[in-house]
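Enquirer: If you want the building blocks of each chain, they are given just below.
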Amino acid sequence: MFDNLSLKIDKAIKNLKGQGSISEINVASTVKEIRRALVDADVNFKVAKDVTDEIRQKALGQNVLTAVSPGQLLTKITNDELTRLMGGQNEDIKLTGSPAVVLISGLQGSGKTTFSGKFARYLKSQGKQVMLAACDIYRPAAIDQLKVIGEQVGVEVYAEPENKDAVKIAKAAVKAAKDQGKSVLIIDTAGRLAVDEEMMNEIANLKKTLNPSETLFVVDSMTGQDAVNTAKTFNERLDFDGVVLTKLDGDTRGGAALSIRQVVDKPIKFISTGEKMDALERFHPDRMANRILGMGDVVSLVERAQQAYDEEEARILSKKIRKNQFDFNDFLSQLQQIKKMGNLKDLVGMIPGVGKMVKDMDIDDDSLKPIEAIIRSMTVGERESPEILNGSRKKRIATGSGTTVTEVNNLLKQFGDMKKMMKMMNKGGGKRALSAMNPFGR
Amino acid sequence: MALFGKLFSKEDKKNLDDGLKKTKENFFSRLGKAVAGKSKVDDEVLDNLEEVLISSDVGVQTTVKIIERIEERVSRDKYLGTDELNHILKEEIAALLAENNTEDLEGLSIDSDAKPYVILVVGVNGVGKTTTIGKLASQYKSLGKKVVLGAADTFRAAAVEQIMRWGERVDVPVIAKGMDTDPSAVAFDAVKYGVEQDADIVIIDTAGRLHTKVNLMNELSKIKRVVKKVIPEAPHEVLLVLDGSTGQNAVIQAREFTKATDVTALAVTKLDGTAKGGVIIGISDEFKIPVKYIGVGEKVTDLQFFNKMAFVDSLFEE
Ligand SMILES: Nc1nc2c(ncn2[C@@H]2O[C@H](COP(=O)(O)OP(=O)(O)OP(=O)(O)O)[C@@H](O)[C@H]2O)c(=O)[nH]1
Ligand SMILES: Nc1nc2c(ncn2[C@@H]2O[C@H](COP(=O)(O)OP(=O)(O)O)[C@@H](O)[C@H]2O)c(=O)[nH]1
Ligand SMILES: [Mg+2]
Ligand SMILES: [Mg+2]
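If you're matching them up, the sequences are chains Y and P in order.
Yeah, the first sequence ends on 442 if you go by the working numbering, and it's all consecutive.
Yeah, the second sequence ends on 760 if you go by the working numbering, and it's all consecutive.
Calculated directly from the structure, the hints in this document are not laboratory data.
In this text, a Cβ means the ideal position worked out from N, Cα and C, and glycines have one as well.
Be aware that a few hints might be false.
[Unchecked claim] Per label pair, the in silico range of CB-to-CB distance:
(1) 624(P) with 181(Y): 35 to 45 Å
(2) 730(P) with 180(Y): 56 to 66 Å
(3) 503(P) with 53(Y): 19 to 29 Å
(4) 506(P) with 96(Y): 43 to 53 Å
[As the list claims (entries may be wrong)] Derived coverage of chain P by chain Y (criterion: at least 3 residues anywhere in the stretch with Cβ under 8 Å from a Cβ of chain Y; other residues may be distant):
(5) 489-503
(6) 593-603
(7) 708-716
For reference, chain P alone in the conformation it holds in the complex (with noise of 0.2 Å):
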């Protein structure tokens, strides 16, 4: 399985099995009995094959489109067992990941000419930015990579010694003015500073937002332009962090993150849970935002690339 980018280990790889596990077994036992009896796909399948898709998150829109996919694949190949079920659902709903014609993460992709490589991570509150920072921070630097964190999130109450903590665990500098500061000034500092120490790369927290506050919003936008005065072509990712139990909200933010700042990569946190993180289908299906990583856990071991064929694979292999 190709899940997983050259740089995590055996070790790492079963993590996320078991993290998906549970996630599977769920979507299996489900679509089990959604075809349990049937010797055919007829209508009450496909009612059942909707429900499993809706309560993974897929989203009304995303799941209607699949249902008449499969529809059209029933009305075409005529009779269809159930045995063949799993396979055409994963390729239908390959397919429509395929349209976004976005390239899957084979290793952690920094452009060796951007040095440093600044990364901007923003996102709703709670959504577990300031974790999955400190997670990619711990693999750049496993890969001898020099990395420098910018304490932006200078509003929520110790969010500075949050990320001041990963950094001592980690290993890396971190660069921070203090609470209630500008927060464009300290990304403008932390990228200077990486400038300056020749780092690789430079990862920027930032404050959670809820993305209809048009202020914070703003800000967002202001940061951006600050870090552009010391490298023009910074940031050069965005990274937009999305909880995998979020529901249709997400997609909302997908939208209005990107409309602020022009997200370049997305990361989806929590999928340890129970929720199925199919939003991340219908994310896919909406923007041209590739999905980079996914977490699955609190350590810091616990972030995976994210592949959406393997994704799918990993759904619905048995």
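Chain Y extracted, bound-state conformation (with noise of 0.2 Å):
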């Protein structure tokens, strides 16, 4: 329980002696280590170095709070950085004409058509009239396929099964849209790679000749580098309006999201879930950039210690310290900060890499009290002077802390040993004994 409480208090000092703020030195291991995140993610490496760099820019000179590491900051700035890149211009689906064309397009075995149908369902719900044109002529039953999803969310598939041409069956399906009067028409198209001059062709011919309100791009998460290749020919020949991600009920980190957001420019508007027809949400940058850093948890740590920071309060117990003047009062203090950013196993968890170990660990917030109980037992006087405490002041703190002596002594004794360290630090010493606690540095 003292072993943590102190690990703590040295994290504080740590912050506030020499890495008070975000520099050059402290932030290269933190950079380092967040790029093989965002890669390890399957984020492009160009976009992961691109990204980075403009986060170190950012990050140089931010103040670095007592509770938080440098590294805990910075992955912070990171995680907001993202949000803000995968988010903004979230325009909605545009649906203009009569029909209104909605184009699908993307790699072999992507989810476009389990798209279309989740999509047709989607605008069916929102009581638009819907209909889908079958328009890959290629895998083998690819038109049954759309026909039982069709089915399934009750909406009218328009399919010439002998047609061996796309764009004329995709004519077709606008001219008995119009007759039965559908407002949306969703095109599902056949797989194709971006290198297959001839299947890219016949994409961009359907876009030219539907002139669709809406073009999209459908890829599946689990994609690695080439991602960005892909996207870039896609965008090149179609001028997607919108990218939907799918398989995302899978553990991929999904980093392809921001390579393609990057690279192209073009929001995500939906992701797909589940193979079951509803199983479709809009997309949300906040929790993508969380699943593509894959650090969550230092994330909302940094939020809560930035919601409980006293800055002036800081500036001084680093004040203190510095002249080793740290008393019982501050410690007190330091405990109230700890209980105001919550649950104190679940911070110590949050520490990365320390969450396993401490997980069959006994450290709940009671584990504090009798240390507070101690420390309100005292004068205000003995708080900042504790080597007045005699035998009988000891008994009757003691006593008004319902703890022992020995628990007292055995806190004095721990407060002492802190104050000769932080006094070692002071002059420079014990460097290397705390950076083996920073968690990022390597």
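Please dock the two separately framed chains into a single complex, following the hints provided.
Expert: Here is the structure:
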């Protein structure tokens, strides 16, 4: 219990001393770590580099809070930046014309047909008259698949199984939709590779002929580094309006979302989270940022610390530590601050790498209670100068706090050790021992 | 180049060359940039090399491993010319692959004692399982083998129709019980039919499933158990199909599907695109499962054997 507490204080001291703000030095290893996290999450190598370089610039000189390390703060800044990069201009689907045509495009197996069905269902629930058109004339049973899906969602499917011309089928579908007074026509197309010139011409022709009010690019969220090439080519040929990310019900980190967003600057409009027709959601940039970075715990730790942070108090504390005047009054207010941040075990557990360690450990908020009670039973004078505590004073404090003299002595000893350490650190020693505690400083 | 088994003709070989060319050119143009104007392998070159590998989906861990090996070589052999870089890089990656002690396939490997030889095909959604089955069926058939397909994807819309079409195209029987039926029962029937008809090979298609879905993974284990009721040694092969454009999630897929079904072989599809297939190196490095096939297109003939030396060669040949 004391160990954990002193670890907390050590961290606070460390952050105040020498690492009080984000500098080139203390940021370098964290930036590397974040870049690696992004690349591990399949963010394109170049995109990860650009983004982290930018974040480094933004972060330099920012003040670090007592309760978090520069690395943790940088993680939070990264998270905010990713959210910003993937958000914004989240326009709705444009549906103009009668019928409004929505063209679906993407690689093989990305989830186009399934999304077409889901989107038809979604629009239908908004009271729209929807029709689906089966323009995948290549994949075996692609038309049957769309027909089954159409039936599931109760939307009519226009198909010409014998026709081998996707553009002609699509044109006929527009006419049929118009004749039947449908308001939206969704065109499902075959999967194609960006390097397949013939197939890319086909979809470019579909776009040119139909003049869709919305063209969507459907991409598998498990896609790796190649996502940028594909998105770029499809965008060059189609100038699509938005992106649909699929298969997010799995455990992929989904870095392709950031890559694509950076490369083509088109909004991500929907996410697909399952094989069933109702598994369709709007895109939330903050959730996606969290998922890609994979450090949501750190982010919420910093958020809580920021909420609890009292700048003035921290400044005074810093000064006191430097002058070796840190006393029990300061200790008590540190305890308050930790308590304000919430559950102690949660807080400790949020430090990357520590979570598993403390899972079975017994650190609840109650473990701070006796310490707090002992300090509260001291007079202000005693808190300032604990050396005046003699046997009878200790007895009084133990009784007042409902503890024993041994516990009071233990606390005094821990406190003394702590002050010794602070003194040492003020002299510049102890750096090594501390750097081992920085979860990012590998 | 020994990339292909005896099975495939010269024209087929050309298909793969074409398919891999994009990969190759891309890799080399970037590697070329990495060494341009440098007289020896320095830090900058290694940094650029790192970028080349990472952007090929090799993964951070494996890339670091490769870079470390090359750094070692550089410090050992001191002066390394850029001319030597390709050679050394190839050597080091090959060494990494060779550590797996897996044998490359020379021809379609069916244990002739196992009759029928049962292959269970698994993987996440949309990776190309059914297509790969169609291609395999065609290859085996052209070898004069008697093939039976089992339509055990009873979940995805029109999945049964899709494999039936392949059956017609390739002219092999497909055992199906319709949509929304118990996939284990379909697998059972298919294997039983294979035994009755004295077939050489039974290939069972399954519905795509994400490895995170416990129920669906259990369903696969069940299919395996039920198949064993007909032939205790079956399935003789569990083929995990991976999409070549998948990033690092492919490694988790390999791990989780192996846990559920003891995967014995991998197929990597869609390598006819711009995806580099570097994921193969990453996975070969971690698992002892051989990559047997690669998919390089949607046609029946667009299936090739994977040969790791040849694969590395084809990346680094000029
Ligand atoms: N788990 C999961 N599976 C999905 C999702 N979206 C689609 N799928 C599955 O992924 C596979 C491919 O989906 P399709 O909709 O057929 O993809 P497509 O892009 O039309 O494929 P092609 O027409 O063959 O190019 C199917 O098995 C779908 O059930 C999703 O969000 N989550
Ligand atoms: N370009 C290309 N497309 C492929 C390849 N293998 C499969 N596909 C396509 O990928 C999509 C999904 O394949 P499918 O066999 O239905 O996947 P399954 O859901 O895993 O059974 C289909 O459109 C196939 O035509 C390949 O090697 N190259
Ligand atoms: Mg489709
Ligand atoms: Mg299938």
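Enquirer: So, for every hint listed, does it hold in this structure?
Expert: Comparing the hints with the structure gives:
1. Judged by the Cβ atoms, the range 35 to 45 Å given for residue 624(P) and residue 181(Y) holds: they are separated by roughly 43 Å.
2. As the Cβ distance of residue 730(P) to residue 180(Y) is approximately 58 Å, the hint placing it in 56 to 66 Å holds.
3. Between residue 503(P) and residue 53(Y) the C-beta distance comes to about 23 Å, which sits within the given range of 19 to 29 Å.
4. With their beta carbons about 51 Å apart, residue 506(P) and residue 96(Y) fall inside the hinted range of 43 to 53 Å.
5. Counting residues of the segment 489-503 of chain P whose C-beta sits closer than 8 Å to any C-beta of chain Y gives 7, which meets the bar of three, so the coverage hint holds.
6. Counting residues of the segment 593-603 of chain P whose CB falls under 8 Å from any CB of chain Y gives 6; the rule of at least 3 is met.
7. A stretch counts as covered by a chain when three or more of its residues have a beta carbon under 8 Å from one of that chain; for the segment 708-716 of chain P and chain Y the count is 4, and the coverage holds.
Checked against the numbered hints given earlier, this structure breaks none of them.
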